[in-house]
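Colleague: Here is what each chain is made of, one letter per residue.
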Amino acid sequence: MAEQVLTDFIRALRSADVRVSTGEAIDAAEAVKLIGYADRQRLSDTLRCVLAKSPSEKLAHDRLFDLYFSRQAIPPNSQSEAPEQAASEDAEDGPGDMLDLMESGDETAIAMAMERAGQEAGLQDIRFSTQVSYFAQQMMKSLGVDRLESEMMQAFRERTEEGQAYAEDLIEGRKAMFARAREHAKQAFETYGAGATLAFREDVLAETALTALDVRDLARMQALVEKIAKRLATKHSRRRRKKNRGQLDVRKTLRANAGFDGVPFDIAWKQTKRDRAKIVAVCDVSGSVARVVRFFLMLLYSLNEVVPDIESFAFSGRLENVGDTLETDDFVHAMDKIINDIGMSSTDYGQSLSDMRMNHWDALDRRTTLIILGDGRSNYGDPRVDLFREAAARVKRVIWLTPEGESLWGSGDSELPRYRPHCHTMKQVTTVKDLERILDEALSRYS
Amino acid sequence: MTKTGYEPLVSIDAITAGLGSVGYISTREISTAIYLAYNLRKPILIEGPAGVGKTDLAASMARFLDVSLNRLQCYEGLDEGKALYEWKYGKQLLYTQLLKEKLGEVMDGAATLDAAFDKLTSFEDLFFSETFLEPRPLLTAMKQDQGSVLLIDEIDKSDEEFEAYLLEVLSDYQVTVPEIGTIRAQVPPIVILTSNNIRELGDALKRRCLHLHIDFPEAAREQAIVRARVPDVSEALLSQLVTFVQGLRDLDIRKRPSISETVDWARTLLLMHATELDEDMVRSTLNVLLKHESDIQAVDKDVRTLARAASAG
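Line order of the protein sequences matches chains W and Z. The first sequence finishes on residue 427 if you use this note's numbering, and the numbering steps up by one all the way, no holes. The second sequence finishes on residue 463 if you use this note's numbering, and the numbering steps up by one all the way, no holes.
I should point out that these hints are in silico values taken from the structure, not numbers from a laboratory. Keep in mind it's a predicted model, so treat the numbers as computed, not measured. Think of the CB as a built atom: it goes at the ideal place given N, C-alpha and C, for glycine as much as any other residue. One or more of the hints may lead you astray.
Claimed, not checked - Chain W side only, calculated, beta carbon under 7 Å to chain Z, not exhaustive:
1. Glu10
2. Leu14
3. Ala18
4. Asp25
5. Cys29
6. Lys33
7. Thr214
8. His216
Bound-form chain W, shown alone:
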């Protein structure tokens, strides 16, 4: 049983997004063998040291530890051998004695029976809050509700006042038991399921079209974006120089060893230098595109760790640098301000490009990835493809992102086909996943 307790706890941790490997589970088992279950505080210290490996994981651990071990039927005066003892007693009892339990009114026994019934019903598999009632029913079954019901029917059939009263007592008792089972299942959901539900929701969110997002999803979206940013950061935060072991740097070696009469004591290897990533984002903040821009910039600015150089410009009629606003203000507020200030005039790509040319041309250099986010609908104005071509020649890569599907490119006032030859990639983005993929690709060009 002691083993089972630990395995279940690890399962609960995993569902709350704490990554526990098999090796760590074995470590935990050994550590617990060493420490024992007797001292709760010590047990918590031990498990959080072996299993939780980051501040957020430690938080999750603390929450679950309280939840889980308050639920676990560790008798109050438990010694380390107590769990085994309890287990053997249980086995003798055998399951399915709800009647006896109700008659005895022994709280500990009921709690133990609940625990066992929960295990029989497979309560650790609970994933959604809607499953609580189902699992409670299953628990009732394994507690022997059938016997209780047949007894109840028997009592009714007797058609005596006494029988009637007894049956009603039984109904009351069953109700109370069901409430307890429900409570138990609900707690199990908090332990095992809540994390999984959240993960599931995030998966759905990542695949939802950005334009179709609900206002109430915004906060959750922010958390998701941070997660993605962290993932990208871990992947791309590598060192800037890479040693090419095996390729001799002859000039450097000769120079370093001139003092030893040319005998190569110190050998120098060739190195490849990597460019520091720089991203210049130019975003159309008018109407339909604004929503996508919001998440794009949110993601981009969460990447500060890997991309120290980010410059961002927003435009509809005219183009302006919005980097400062985004860095100083609270993000949501800053975005609202930008969209209200800049996004209100009619879109003019040509004018915006020439603004860029006039005021911010220096932002573009050979290590820059230029990312343009816009639908390319320029209200039939001159798209200034010449300027765009010039910009493309200055930078490392040009990526154009648009919320519209490829079949719409070129329809009406869309100038995308004219810009397309000068872009390395032109892609439709609808979900956060798309954004992640694009940024991932852009960043891997620097390694």
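Given the structure of chain W, go ahead and fit chain Z onto it with the hints provided.
Modeller: Structure of chain Z alone, referenced to chain W:
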């Protein structure tokens, strides 16, 4: 079994007491982690803000157990040549020169090239033996018979490649030198890795380590630390200055003062013969606690309230 220096690590309380005897004020969590690390033979990865005594823990452990401390400071570009072992190229070359004549003599008897080659191969291991091996911290730690404390400091500053390289050392306590073979530690060292979270460490490394997060200490523990380091400071001043520093950490500043800075400040105040904290004194010595000009300006308006609260409490 040979006698090792690890005998004092019998229980969690013994560790707390032992660390206390060398001037390190431990907590329940820290002692538990060390107890587990010793018994499970696992490295400990310590994370937390700068200046909370991560490195000091390793040094104190070495003093407490009276074993050697092998320290490996990580930095970008650190490679196995600096961390593990290196061949003494110079010595090897020198020996070849010196032995040249001797070699000639040995070769003399060989009639053909094949025979000479055979003779030479029988001496092959001469130059790639432990005589010419320069042990670096990791290898040194493996070779201690009494056990040792191996501190791998600021692992987050090293490259990912090096992190991967450490895995063999950390999980099996052995080092493979291709020319010689595998060198295994007779008595595994107690390994302490520290990280300031400059970059996220790899999962593989985290999986192999126990994890300990040390945060800024609570007031009581910080007082105990300062008392241990600066025994002359009066109790009244001690509680005031710790309250002030704790208050300072809650403010929105770039670099929050670390424990070592609290200790420095206590020493400074002692030098100035302060018996109580007052506002002017705080203002004139604030640069001991705060190392950014912008931070000093930022807290300027709060100094009065904080100092008042500290001397009231």
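Colleague: All hints are to be evaluated individually against the structure, with a verdict given for each.
Modeller: Hints, one by one, checked against the model:
A least Cβ separation of about 6 Å between W:Glu10 and chain Z falls short of the 7 Å threshold, and the interface hint therefore holds. Because the closest C-beta pair between W:Leu14 and chain Z is about 5 Å apart, less than 7 Å, the hint holds. Residue-level restraint check for W:Ala18 is violated (minimum Cβ-Cβ distance to chain Z is 13 Å; threshold 7 Å). The restraint placing W:Asp25 at the interface with chain Z holds, with a minimum CB-CB distance near 4 Å, inside the 7 Å limit.
The restraint placing W:Cys29 at the interface with chain Z holds, with a minimum CB-CB distance near 5 Å, inside the 7 Å limit. Of the supplied interface hints, the one on W:Lys33 holds, with its beta-carbon coming within about 4 Å of a beta-carbon of chain Z, less than 7 Å. Interface restraint check: W:Thr214 against chain Z, minimum CB-CB distance 5 Å, threshold 7 Å, status holds. For the restraint placing W:His216 at the interface with chain Z, the shortest Cβ-Cβ distance is roughly 11 Å, beyond the 7 Å limit, so the hint is violated.
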